[in-house]
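Here the UniProt record's numbering is used: the first residue of the sequence shown is 1, the next is one more, and so on.
It is possible that part of the hints are untrue.
List of simulated lysine-lysine pairs, DSBU-like, C-alpha gap at most 30 angstroms [claimed, not checked]: (1) Lys28 - Lys12; (2) Lys42 - Lys26; (3) Lys66 - Lys47.
Think of the hints as simulated: they come from the structure by calculation, not from any bench.
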Amino acid sequence: MDHTEAIQEIIKVLPETNQEFNEMYKTKTSFMVINVFTKQIKQIILKKDSEVLLVCLQKMNDLYLKGDQALRNAVETVFVFSLDNLTFCCDKNYRQIIFNQLPTELHNAYVHQVYTSGK
């Protein structure tokens, strides 16, 4: 799956992103696409909409597993790297819920990034 297919997959779970993806510069690269999706996930976290969040986390995992190398790199570089920042505003319990709902592959990427940063 490339970034253009990822856009269609994201729109399926978050139809409101369609308007944002209509801005051409936001659809040119995998990094821009994942950046848009990550910003939407941040808003969902702030709203504490756990049901939608779970669907979005699963979709991000699907993009990570089924994406081409550019999409996988974008998920790791943009989304996984942003996880601490995304959950910084949360209380401890909600942060724990988010990390418990994180699919295994994304959690492993997060742990790998945390433990290899600074080396």
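Check: Among the hints numbered above, which are violated by the structure, and what are their numbers in rising order?
Finding: none
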